[in-house]
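Chains D and S, in that order, are what the protein sequence lines are. With the first sequence counted from 1, adding 1341 to any position gets you my numbering. With the second sequence counted from 1, adding 34 to any position gets you my numbering.
No lab work stands behind these hints, which were simulated from the structure alone. Any given hint might turn out to be false.
The list that follows gives simulated cross-link-like pairs (lysine to aspartate or glutamate, DMTMM-like), each with its CA atoms no further than 25 Å apart [claimed, not checked]:
#1 Lys1533/D <-> Glu1523/D
#2 Lys1406/D <-> Glu78/S
#3 Lys1619/D <-> Asp111/S
#4 Lys76/S <-> Glu1407/D
#5 Lys76/S <-> Glu1523/D
Across the chosen pairs, the derived CB separations fall in these ranges [said to hold, decoys possible]:
#6 Pro90/S <-> His1498/D: 38 to 46 Å
#7 Asp1531/D <-> Pro84/S: 43 to 51 Å
#8 Gly112/S <-> Arg1588/D: 56 to 64 Å
Since the model is a prediction, treat every value here as computed from it, not as a measurement. Virtual Cβ for every residue (Gly too), placed ideally from N, Cα, C.
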Amino acid sequence: MRDENGPVSRRDALKCLAYGGAGTLFVLSGGVLTPVDVAAAAAGDRPAGLPLFVQISDTHIGFNKEANPDVGATLQAAIARVNALQHQPAFVLHTGDITHLSRAAEFDTAAELLKGLTATELHTVPGEHDVADATVSEYFGRFGAASANRGYYSFDHQGVHLVGLVNVLSFKPGGLGALGPEQLAWLEADLKGRSSSTPLVVFAHMPLWSIYEPWGWGTAEAAAVLALVRRFGSVTVLNGHIHQIVRKVEGHVTFHTARSTAFPQPAAGEGPGPGPMKVPAADLPAALGVSTVSLERHPLGLAVADSTLA
Amino acid sequence: MHHSRVPGARRAAAGAALLLAVSLAGAAAPQPAAAGPTYTIKLEHFMFTPGTLTVPVGATVRWRNLDGEPHTTVSVDGLFRSGALDQGDSYAFTFKAPGNYRYVCSIHPQMVGTIVVTAAP
């Protein structure tokens, strides 16, 4: 193990991260997007493919209760971990709940902290905590330009097509997150005509598959989305929201939810609701994290791997 | 998508709306002379209590969050929308027409409630 990361040594970074989450680095390898643990990547255990991007989620800037009184520090620790990667990702995806209460000061603090990333390109989708202001304007005032203020958009990078969706604005009572017919029609048009061999990444805040409906951990139009992406040979669906890793593979589609950098939440159905879960400080590292994905060219496919910070 | 996105205008509106919400939520906020009674709904343990509340037209309903987790109250038909209510925060709305008003917490949409507003006796 080498300590060549300048003033912040790996040991120090690890000490910070004993309390924080890092991110997921996504490596496109043989056309396969492979999340690898950022800690492993920083240590030089580089995945076979080219590091493509890191996923950070659920930073909840503004949260200050006992589950984590200093979410800014844990985000900074995660950023330090990402910056320590030997091969910097081209960009960072934030899959929502940037803030806790959608307040302007929280967004400002988050922006200041995220400026610390060496990778300067940041793509976001909102979480429900980012659009909880009375006029739903704080998030869109800052990040709306990427999507003509719709919230959903797509972009391409190194032959990978990435689609950000918004499933936190049109809930049905007692129901799940929803995309709405307009967004679904847009998605269909966006994917139409694209080669099925294009590696596809679809990201949104709430799970795009049903994990636990009594807590709203799913998206109403999940089946419709799956039908649209099923023909692609390599599909990675990335979400946040539930503050824990849950994965599923269905055909060529890999579903993956990221850890939070702020605090863990209970497993589905444990307790009255999906609120912050207080764990002993010593157990927190095992509950927080970040992932990384790389692109592999041969063979084309998907693989997912995660590890905790413990 | 039921929100149009015009950030500049909306941001200006946001300030005004938030001020309005704060003044409505403040205990000392002056009520109109003909103000009706005030009812309180607790947001606790990821539930609205009572889940269904019947009030006369003109009544004010105040939602108060007791959970450590923030909640909102958002009318399904777009009539009202609180900002994020942190622990101890409240939001109030006065119902001026009879009807059934369903609402959700937009952060936890499994939380649902209904206000039944009856015609004045």
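Results for each hint:
1. Lys1533/D <-> Glu1523/D: At roughly 15 Å apart (the allowed maximum being 25 Å), Glu1523/D and Lys1533/D satisfy the hint.
2. Lys1406/D <-> Glu78/S: holds (17 Å)
3. Lys1619/D <-> Asp111/S: Violated. Lys1619/D to Asp111/S sits at ~36 Å, over the 25 Å cutoff.
4. Lys76/S <-> Glu1407/D: holds (23 Å)
5. Lys76/S <-> Glu1523/D: violated (35 Å)
6. Pro90/S <-> His1498/D: 38 to 46 Å: Given range 38 to 46 Å: violated, Cβ gap about 59 Å.
7. Asp1531/D <-> Pro84/S: 43 to 51 Å: With Cβ atoms ~44 Å apart, the hint holds.
8. Gly112/S <-> Arg1588/D: 56 to 64 Å: violated (37 Å)
Against the hints set out earlier in the document, violations occur for numbers 3, 5, 6, 8.
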